[in-house]
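Protein chains: 2
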Amino acid sequence: MNAAPEHLLGQSVAAIDTPALVLDLDAMARNLTHMAAYAQHHGVRLRPHAKMHKCGALAKMQMAAGAVGVCVQKTSEAEALAADGVSDIYISNEVIAPHKLQRVAALARSLQARGGRLAIAVDSAIGVANLAQALGKGVDLIDVFIELDVGQGRCGVAEPEDVLPLAQAIAAHPALRLAGLQAYQGSAQHLRTVAARHAALQVVIARVQQAQQLVSSAGLSLPLVTGAGSGTFGLEASSGVFGELQAGSYLFMDADYARNDPDPSQPSFEHALFIKSQVMSVSAAHVVVDAGHKSHAIDSGLPTVRSMSLHASGCSDEHTTLRPHGPDQPLPELGQTVWLIPGHCDPTVNLHNWMIGVRGGLDQGQVEQVLRVDARGALQ
Amino acid sequence: MNAAPEHLLGQSVAAIDTPALVLDLDAMARNLTHMAAYAQHHGVRLRPHAKMHKCGALAKMQMAAGAVGVCVQKTSEAEALAADGVSDIYISNEVIAPHKLQRVAALARSLQARGGRLAIAVDSAIGVANLAQALGKGVDLIDVFIELDVGQGRCGVAEPEDVLPLAQAIAAHPALRLAGLQAYQGSAQHLRTVAARHAALQVVIARVQQAQQLVSSAGLSLPLVTGAGSGTFGLEASSGVFGELQAGSYLFMDADYARNDPDPSQPSFEHALFIKSQVMSVSAAHVVVDAGHKSHAIDSGLPTVRSMSLHASGCSDEHTTLRPHGPDQPLPELGQTVWLIPGHCDPTVNLHNWMIGVRGGLDQGQVEQVLRVDARGALQ
Chain P
5 MNAAPEHLLG QSVAAIDTPA LVLDLDAMAR NLTHMAAYAQ HHGVRLRPHA
55 KMHKCGALAK MQMAAGAVGV CVQKTSEAEA LAADGVSDIY ISNEVIAPHK
105 LQRVAALARS LQARGGRLAI AVDSAIGVAN LAQALGKGVD LIDVFIELDV
155 GQGRCGVAEP EDVLPLAQAI AAHPALRLAG LQAYQGSAQH LRTVAARHAA
205 LQVVIARVQQ AQQLVSSAGL SLPLVTGAGS GTFGLEASSG VFGELQAGSY
255 LFMDADYARN DPDPSQPSFE HALFIKSQVM SVSAAHVVVD AGHKSHAIDS
305 GLPTVRSMSL HASGCSDEHT TLRPHGPDQP LPELGQTVWL IPGHCDPTVN
355 LHNWMIGVRG GLDQGQVEQV LRVDARGALQ
Chain W
5 MNAAPEHLLG QSVAAIDTPA LVLDLDAMAR NLTHMAAYAQ HHGVRLRPHA
55 KMHKCGALAK MQMAAGAVGV CVQKTSEAEA LAADGVSDIY ISNEVIAPHK
105 LQRVAALARS LQARGGRLAI AVDSAIGVAN LAQALGKGVD LIDVFIELDV
155 GQGRCGVAEP EDVLPLAQAI AAHPALRLAG LQAYQGSAQH LRTVAARHAA
205 LQVVIARVQQ AQQLVSSAGL SLPLVTGAGS GTFGLEASSG VFGELQAGSY
255 LFMDADYARN DPDPSQPSFE HALFIKSQVM SVSAAHVVVD AGHKSHAIDS
305 GLPTVRSMSL HASGCSDEHT TLRPHGPDQP LPELGQTVWL IPGHCDPTVN
355 LHNWMIGVRG GLDQGQVEQV LRVDARGALQ
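Protein chains in written order, with our numbering: chain P, 5 to 384; chain W, 5 to 384.
This is chain P alone, in the form it adopts within the complex:
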């Protein structure tokens, strides 16, 4: 199952076996362009999160369209993308283990030697000390962002006043460059109303400004504030405090983001990521397709169905059960193709070794690209 399905190149969509992860390359290209233009127009840097697609070719495509680099969450993701030629990578997450920080240090030196850059987030004095220890001597070997909890209640220092001691610790180590603040409010991405997202972002902005003031009062600065996801980036971009957007899902757009009320201040994006599935069992009131949650992640809800009046009523490892929206709606037939729109892009892509890129639409198009998920399973 690990061989590239290159026999599909040039074939029609009908030739794609099920279940398979399929990219609508035309929709993806439009999403790419809209986001690049948006960031440029608003004068903010775009550093898309590559934890979403885990694919070196797509990271390089985003950078060619204007992104300054990419984010990842894991050291091994950074290594996989760097091996594929991506030169500017931010591990927007904490790494604590000294042996793993040795790998971070080696990657930072390697990227710098080829004109690139590695950055990382910290949220503890021990994290700073372990990182400095791993980097050793040298100047400005790695960019360090201090993560502040801005309402998600996950990682990050708890309060704006906790930022200053870390900023001072970073400034004390020549190998570390104090690059700014990591301020990501993940849960705000999925608040359904524009008003709720706006309210959450007011908290984010207030906390960021407070941290900035405390640090600058002490004679240090946080040059860049980085954060934002596909649900709220318009709010961060217009905040006046964020200089960099980390949104990743905009490229593929999942079913869960489509459940948000649209924000007229943000460009809208199309679904570009699909699971091609096949009806494998038919009953009087439901059908079952051959793709379950080993094909598409359900942590953010069940998939929706493209171009058919059907909804998912259940999902198990290898099956999704679909029912009609109304009593008089027809069911698809045994063997028919059903296109699922995954609830959540990031963990869905991570289930697959390959993405099949289709040009010319899902109904009449042809396979143009087979994209490797380079960092699939890169957990460490």
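Incorrect hints may appear among the rest.
For chains that are exact copies, the list does not tell them apart, and a pair is met inside one copy or across any two.
[Said to hold, decoys possible] The calculated SDA-like cross-link candidates involving lysine to any residue, where the alpha carbons are at most 20 Å apart (straight line), are:
{"hint": "1", "residue 1": "104", "residue 2": "86"}
{"hint": "2", "residue 1": "104", "residue 2": "24"}
{"hint": "3", "residue 1": "104", "residue 2": "225"}
{"hint": "4", "residue 1": "104", "residue 2": "7"}
{"hint": "5", "residue 1": "104", "residue 2": "9"}
{"hint": "6", "residue 1": "104", "residue 2": "11"}
{"hint": "7", "residue 1": "64", "residue 2": "89"}
{"hint": "8", "residue 1": "104", "residue 2": "16"}
{"hint": "9", "residue 1": "104", "residue 2": "18"}
{"hint": "10", "residue 1": "104", "residue 2": "267"}
Note that these hints are calculated values from the structure, not bench results.
Let chain P serve as the given structure and place chain W on it in line with the hints.
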């Protein structure tokens, strides 16, 4: 990330990087022995579901301990395990696409040529016809089980009287051998009380008996009834109608099965599958470990925590947030190891390329085996 972590062999548990999927080999061996003894004592065949571990070495270990073969859900899973030397495989699921049935046919011939056997489930006349077409001429090339919906509302013919026409269709094709009935009630596995599971199984048994009577009245027979999972197999084993148990999770046991009230008629099993994780962020009231739902599936609930008074309060792609059970309970320190017990074995294993087998316990033991997840991502 795809290289085998063989450098770990002989190392202490402390050397395992996080997050990683770790097997307690001693606990697994006890689970293996208890289940084999149970099936033998009750005079039923054991055909464990290999969709759970997707590992040829573990399938062969189960067969060496008395299992007659294994089940899988997907053609590509069957191919992966056959390539690793597993000779008796049942695809306990429907396959509809003619091109995929060609692969099923090739595998059936190949296994038969080496003294093994392939079996498959059907639930439609089209499925039988497509299968017969793919098999072509020859006698008894594949065992065919008719799937009957016994209460799960997923695949399978809807009513016991729907079994007979399929039995007749199978009997009409020399290449197909009518092997019996597939009667799996997946949702019954997770009913919390023994009484609820017992009630669900009464429905299963009544429907199976009805199908058997209708088929035998027509002069045909369903030689074997196969089904059962780790939550209910004691009920199927003592039913008098089931001849084969498909339970798979017993080998690893996940957190969700531990939420069932124990059934005194079944042997109890130990947790043998863990995620080794590390505390990467500490706050006043919670800690965050470096393993999220890209490391452990959460479709059946959040993981539990081994040997610590902590519970998971949230989980995202790469993070799990843990809180103490009570206000005075201590939190682990930054960098400390935390062992998570995944909510659901099957999709958890499918996230990983390797399982690290530890002998001598998770605290003091050593790495004895690195097991490849041969059929990881084998979706088709």
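Structure-based check of all given hints:
1. 104 to 86: For residue 104 and residue 86, the Cα distance is within 20 Å only inside one copy (16 Å; across copies 37 Å).
2. 104 to 24: Answer is between; shortest inter-copy Cα gap is 14 Å, intra-copy 34 Å.
3. 104 to 225: Cα proximity of residue 104 and residue 225: none, with 28 Å in one copy and 61 Å across.
4. 104 to 7: Answer is between: at 17 Å across copies they meet the 20 Å cutoff, but 30 Å inside does not.
5. 104 to 9: between (34 Å within a copy, 15 Å between copies)
6. 104 to 11: For residue 104 and residue 11, the Cα distance is within 20 Å only across copies (15 Å; inside one copy 38 Å).
7. 64 to 89: within (8 Å within a copy, 41 Å between copies)
8. 104 to 16: between (44 Å within a copy, 17 Å between copies)
9. 104 to 18: For residue 104 and residue 18, the Cα distance is within 20 Å only across copies (13 Å; inside one copy 44 Å).
10. 104 to 267: Result: close neither inside a copy nor across copies, 40 Å intra and 44 Å inter.
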